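Undergrad: Please build the complete structure, drawing on both the sequences and the hints.
There are 2 protein chains.
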Amino acid sequence: MNDIIGRVADKWTLLILEALDENGVVRFKELSRLIPGISQKMLTQTLRQMECDGLVKRTVYAEVPPRVEYELTPLGFSLGEAFCGVWTWAEKHYAEIEAARKKFARRQRG
Amino acid sequence: MNDIIGRVADKWTLLILEALDENGVVRFKELSRLIPGISQKMLTQTLRQMECDGLVKRTVYAEVPPRVEYELTPLGFSLGEAFCGVWTWAEKHYAEIEAARKKFARRQRG
Numbered sequence: 001m002n003d004i005i006g007r008v009a010d011k012w013t014l015l016i017l018e019a020l021d022e023n024g025v026v027r028f029k030e031l032s033r034l035i036p037g038i039s040q041k042m043l044t045q046t047l048r049q050m051e052c053d054g055l056v057k058r059t060v061y062a063e064v065p066p067r068v069e070y071e072l073t074p075l076g077f078s079l080g081e082a083f084c085g086v087w088t089w090a091e092k093h094y095a096e097i098e099a100a101r102k103k104f105a106r107r108q109r110g
Numbered sequence: 001m002n003d004i005i006g007r008v009a010d011k012w013t014l015l016i017l018e019a020l021d022e023n024g025v026v027r028f029k030e031l032s033r034l035i036p037g038i039s040q041k042m043l044t045q046t047l048r049q050m051e052c053d054g055l056v057k058r059t060v061y062a063e064v065p066p067r068v069e070y071e072l073t074p075l076g077f078s079l080g081e082a083f084c085g086v087w088t089w090a091e092k093h094y095a096e097i098e099a100a101r102k103k104f105a106r107r108q109r110g
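As given, the protein sequences belong to chains G and S, one line each in that order.
Each residue of the first sequence is one higher than the one before, starting from 1 at the first, in our numbering.
Each residue of the second sequence is one higher than the one before, starting from 1 at the first, in our numbering.
One thing to keep in mind: the hints can contain errors.
Just so you know, same-sequence chains aren't split out, so a pair can sit in one copy or run between any two.
Pairs of lysine to aspartate or glutamate residues, derived as EDC-like cross-links and limited to a Cα-Cα distance of at most 20 Å, are as follows [stated by the list, open to error]:
#1 Lys11 <-> Glu81
#2 Lys103 <-> Glu51
#3 Lys102 <-> Glu51
#4 Lys57 <-> Asp21
#5 Lys92 <-> Glu81
#6 Lys92 <-> Glu30
#7 Lys29 <-> Glu98
#8 Lys57 <-> Glu30
#9 Lys92 <-> Glu51
#10 Lys57 <-> Glu98
#11 Lys41 <-> Glu30
#12 Lys41 <-> Glu71
#13 Lys41 <-> Glu18
#14 Lys57 <-> Glu18
#15 Lys41 <-> Glu22
#16 Lys11 <-> Glu22
In case anyone wonders, no lab produced these hints; they're calculated from the structure.
Please read these numbers as outputs of a predicted model, since none were measured by experiment.
TA: Listed below in structure tokens is the structure:
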């Protein structure tokens, strides 16, 4: 179980989930644009992992150049729903966390 | 917001949350035992980050040697609750993910 949690409880997995949840069928370049800060390598690696875990469906069209599209599977959508509570928590407690960080920084400065 | 999600959507944060949620006030060595596979460095770093974010309270007792204890703050407990949905999801879909992984591995072997 911990290994599954370790795989899904991951920043880039979460941001890809959200981007696909909101945009449906998306190409690699578009996804890369939708997730600021993600490297090509990380996007490739995380998408591959999500495909392996059955969260993402990858479709390759035999065109020149080949067209590759990604979308969430039903399992992927269900994980997105499970994470809703975490997104809501982050929105609700954003100010509290920022205040805690400032307090911690002041304490470090002594 | 993404930076907060990035900080909390993390395997070790989740496992520390669960260990403290289940065991209350815990010392560093005990925590290290409760979370198989975590390095001393990762445990120190993640606990410090969680303390910075206001999720964990660290208490140092001026004894020889000094005694250091960790416990969740109310904010920490609320994050644990927000993640309940993810744990439940992982339990519910464990077999489905294992099957997807096997299918993916077969496809890779071609």
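Undergrad: Please go over all the hints and tell whether each is borne out by the structure.
TA: Taking the hints in turn, this is what the structure says about them:
Proximity of Lys11 to Glu81 under the C-alpha cut-off of 20 Å is found in both arrangements, the shortest distances being 16 Å within a copy and 19 Å between copies. Proximity of Lys103 and Glu51 under a CA criterion of 20 Å is satisfied inter-copy only: 10 Å between copies versus 41 Å inside one chain copy. In the homo-oligomer, the alpha carbons of Lys102 and Glu51 lie at most 20 Å apart only across protomers (12 Å), although the nearest pairing inside one protomer, at 39 Å, exceeds that limit. For a Cα distance limit of 20 Å, the shortest separation of Lys57 from Asp21 inside one copy, 13 Å, qualifies, whereas the shortest one across copies, 36 Å, does not.
When the C-alpha separation of Lys92 and Glu81 is checked against a cutoff of 20 Å, the pair qualifies both within a copy, at 17 Å, and between copies, at 14 Å. Taking the shortest Cα distances, Lys92 and Glu30 never come within 20 Å of each other, neither inside one copy (29 Å) nor across copies (32 Å). Taking the closest pair of Cα atoms, Lys29 and Glu98 never come within 20 Å of each other, the shortest separation being 33 Å inside a single copy and 29 Å across copies. For a Cα distance limit of 20 Å, the shortest separation of Lys57 from Glu30 inside one copy, 16 Å, qualifies, whereas the shortest one across copies, 42 Å, does not.
In this assembly of identical chains, Lys92 and Glu51 lie within 20 Å of each other by CA distance solely across copies; the values are 19 Å between and 31 Å within a copy. In this assembly of identical chains, the alpha carbons of Lys57 and Glu98 lie at most 20 Å apart only when taken from different copies (16 Å versus 37 Å within one copy). In this homomeric assembly, Lys41 and Glu30 come within 20 Å of each other (Cα to Cα) only inside a single copy, at 15 Å, whereas the closest approach across copies is 37 Å. Taking CA atoms no more than 20 Å apart as the test, Lys41 paired with Glu71 passes inside one copy only; the shortest distance there is 19 Å, against 37 Å between copies.
Taking identical chains as interchangeable, the C-alpha atoms of Lys41 and Glu18 lie at most 20 Å apart only when both belong to the same chain, with a minimum of 19 Å there against 31 Å between chains. In this homomeric assembly, Lys57 and Glu18 come within 20 Å of each other (Cα to Cα) only inside a single copy, at 15 Å, whereas the closest approach across copies is 31 Å. In the homo-oligomer, the alpha carbons of Lys41 and Glu22 never lie at most 20 Å apart, since the shortest distance is 23 Å inside one protomer and 37 Å across protomers. In this assembly of identical chains, Lys11 and Glu22 lie within 20 Å of each other by CA distance solely inside one copy; the values are 17 Å within and 25 Å between copies.
Of the numbered hints given earlier, the model fails hints 6, 7 and 15; all others are met.
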